[in-house]
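Since the structure of chain C is provided, determine the placement of chain E on it from the hints.
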Amino acid sequence: MTTLDTGYVADNAGDIAYRMFLHAEMAGIPLILGLAIALPLGWLARRNRVTRLVLLTGSGLLYTIPSLALFVVMPLILGTPILAGWNVVAAMTLYTLALLVRTVVDGLDAVPDDVRQAAVAMGYPPLKRFVSVELPLAVPVIAAGLRVAAVSNVSIVSVAALLGIPQLGIYLTNGYNRTYWTEIWVGIVAILLLALVFDLVIQAVSRSLTRWQRVGAAT
Amino acid sequence: MILTDVWTWLTNGENWEGEGGIANRLLEHLTYTGLTMVFAVAIAIPLGTWIAHSGRGAWMITVANSARAIPSLGLLLVLVMWLQPKFQGETNLGFLLPSVVALVVLALPPLLAGAYSGVSEVNPAARDAATGMGMTGREVFFKVELPCALPLISSGIRSATLQVVATATIAAFTGLGGLGRYVIDGRQTSQPDMMIGGAILVALLALSLELILATIQRFVVSPGLGGRARRGPRTSDAADVDSSHPTPPAAATREQASV
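Sequences listed follow chains C and E, in order. Each residue of the first sequence is one higher than the one before, starting from 189 at the first, in the numbering used here. Each residue of the second sequence is one higher than the one before, starting from 52 at the first, in the numbering used here.
Next comes chain C alone, as it looks inside the complex (with noise of 0.2 Å):
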């Protein structure tokens, strides 16, 4: 654990941006569309008690099946090839979903009765009222559960490499078949860095989407 090999990392830098990249269109492409299909998903869950339990229950257990079993049977439903990316692009956006459709009921839960009445009474129709008045004020347990599925996303995309696929996985796997453990810290610190990186970027959108917070505070 102690030989750390600097002269790697300098060598490899092409490498790892490379790898890095990959793995940040992995973990990135499937955040957009997870949410992009769990918005009306959630509204959809709010209807009645048969679309909630449905929906709900649903993502769950879909979120229950491990990763690598999800990334091997991908293939087979898509009638891709087992080493393109955009199985784990697919399986990914999956596991994004399960984990934001419950996000995005809790947030709509959360949004006050009086406000949703007072938004009526101001002769919103249904759906004008869900974009400008419920999804707003939704944000900000939306981007926590989008936090949550940017850290485990950057972190489960790495399971790929088992099969092969490339992206900063690869390190780990390599570093482990060749007990080189240089490799193996670079492919942890640049994940978790991607992670990081994932992380701020969502909430600075948080933040600049929930000006109302501040304004409401500053008043």
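One should not assume that every hint holds.
Stated by the list, open to error - Below, a list of computed lysine to any residue pairs in the SDA-like style, where the Cα atoms sit at most 25 Å apart:
no.	chain 1	residue 1	chain 2	residue 2
1	E	Lys137	C	Leu221
2	E	Lys194	E	Leu98
3	E	Lys137	C	Thr191
4	E	Lys137	C	Pro354
5	E	Lys137	C	Pro300
6	E	Lys137	C	Leu192
7	E	Lys137	C	Asp193
8	C	Lys316	C	Trp400
9	C	Lys316	C	Trp369
10	E	Lys137	C	Asn362
11	E	Lys137	C	Tyr368
12	E	Lys137	C	Thr367
13	C	Lys316	C	Leu232
14	E	Lys194	E	His104
15	E	Lys137	C	Lys316
16	E	Lys137	C	Trp400
17	E	Lys194	E	Arg269
Unchecked claim - The following residues of chain E were derived to be distant from chain C, with all beta-carbon distances above 10 Å:
no.	residue
18	Glu65
19	Val216
20	Phe224
21	Ile235
22	Thr240
23	Glu261
Claimed, not checked - Derived contacts from chain C toward chain E, CB cut-off under 7 Å, selection only:
no.	residue
24	Ile217
25	Thr252
26	Val261
27	Ile265
28	Val339
29	Leu350
30	Leu351
31	Pro354
32	Leu360
33	Asn362
34	Ile376
35	Ala383
36	Val403
FYI, nobody ran anything at the bench for these hints, they're computed from the structure. Remember, predicted model here, so these are calculated numbers, not experimental data. Every residue gets a Cβ at the ideal spot worked out from N, C-alpha and C, and that includes glycine.
Showing chain E alone in chain C's frame:
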């Protein structure tokens, strides 16, 4: 066409027999999971509830929570690579022990978070009432705090179990047995039927365990706490997601979790 191959692999009686057979791999997988959970629960539940009850050592919860950002695969490989030489003996314990140690370490954060937030989120009024009735600190803990914390403790156990099942699959890469062997070996020897068959078995195992644990939870948790007696919309979820569950418990459990 590959689906029929997978089906043939799964239903071929020969694949179920012997040391490398499905029956034995399934048993191995369950043994690792059970063994890990026994150790992890024995460590985390007393520790987490005590930290919350006494208000001391909260830093351990913070450490455990931030440790969750470390990728499981990385943590597993580091621990196995580090411990393997120390356990190298005449038996296959040299593989098993480091892997189980790694799995226990990965199971601790969700268990600690569940136990800690379960006890610390107990309604203070209930605690005060118990003290007012003349209960000692010990009695308050065992008769009030622990039963009230049970939904969160049990959802911690559920998410830890799923984490262990999934990571035991990954641990096959280090030479551990279990169902993950089929995925890893199938990939290395280009046998897609075996690889996909193994993946399906792992997914089914995880889903079955989740359903069994969810059923047990329904029976163990007091009906007043189980989420069946709901008390209107909740508002504290943002804080909940952020602090106590950096990785949320298996989503379905949060219905009970935050009541």
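Cross-check of the supplied hints:
1. Lys137(E) - Leu221(C): violated (45 Å)
2. Lys194(E) - Leu98(E): Distance of about 18 Å is within 25 Å: holds.
3. Lys137(E) - Thr191(C): holds (18 Å)
4. Lys137(E) - Pro354(C): violated (32 Å)
5. Lys137(E) - Pro300(C): Violated: Lys137(E) and Pro300(C) sit about 57 Å apart, past 25 Å.
6. Lys137(E) - Leu192(C): The given pair, whose Cα atoms are some 21 Å apart, holds under the 25 Å limit.
7. Lys137(E) - Asp193(C): Roughly 23 Å separates the two Cα atoms, so the pair holds.
8. Lys316(C) - Trp400(C): holds (18 Å)
9. Lys316(C) - Trp369(C): With a Cα-Cα distance of about 55 Å, the restraint between Lys316(C) and Trp369(C) is violated, given a limit of 25 Å.
10. Lys137(E) - Asn362(C): Answer holds: Lys137(E) to Asn362(C) is near 21 Å, not above 25 Å.
11. Lys137(E) - Tyr368(C): Roughly 17 Å between the alpha carbons, so the hint for Lys137(E) and Tyr368(C) holds.
12. Lys137(E) - Thr367(C): Holds - the C-alpha atoms of Thr367(C) and Lys137(E) are around 15 Å apart, at most 25 Å.
13. Lys316(C) - Leu232(C): At roughly 15 Å apart (the allowed maximum being 25 Å), Leu232(C) and Lys316(C) satisfy the hint.
14. Lys194(E) - His104(E): holds (13 Å)
15. Lys137(E) - Lys316(C): Outside the cut-off at roughly 64 Å; violated.
16. Lys137(E) - Trp400(C): Answer violated: Lys137(E) to Trp400(C) is near 57 Å, above 25 Å.
17. Lys194(E) - Arg269(E): holds (19 Å)
18. Glu65: For Glu65(E), whose nearest Cβ neighbour in chain C is about 22 Å away, the distance exceeds 10 Å, so it holds.
19. Val216: violated (6 Å)
20. Phe224: violated (5 Å)
21. Ile235: violated (7 Å)
22. Thr240: Non-interface label stands for Thr240(E): nearest chain C Cβ at 13 Å, farther than 10 Å.
23. Glu261: The claim is violated: Glu261(E) sits with its nearest Cβ about 5 Å from chain C, within 10 Å.
24. Ile217: violated (19 Å)
25. Thr252: holds (5 Å)
26. Val261: holds (5 Å)
27. Ile265: violated (10 Å)
28. Val339: holds (5 Å)
29. Leu350: holds (5 Å)
30. Leu351: holds (6 Å)
31. Pro354: violated (15 Å)
32. Leu360: holds (5 Å)
33. Asn362: violated (10 Å)
34. Ile376: With Cβ-Cβ at 4 Å, under 7 Å, it holds.
35. Ala383: This hint holds: Ala383(C) lies near chain E, its Cβ roughly 6 Å from the closest one there, short of 7 Å.
36. Val403: This hint is violated: Val403(C) lies away from chain E, its Cβ roughly 18 Å from the closest one there, beyond 7 Å.
Violation of the numbered hints given earlier is confined to hints 1, 4, 5, 9, 15, 16, 19, 20, 21, 23, 24, 27, 31, 33, 36; the remaining hints are satisfied by the structure.
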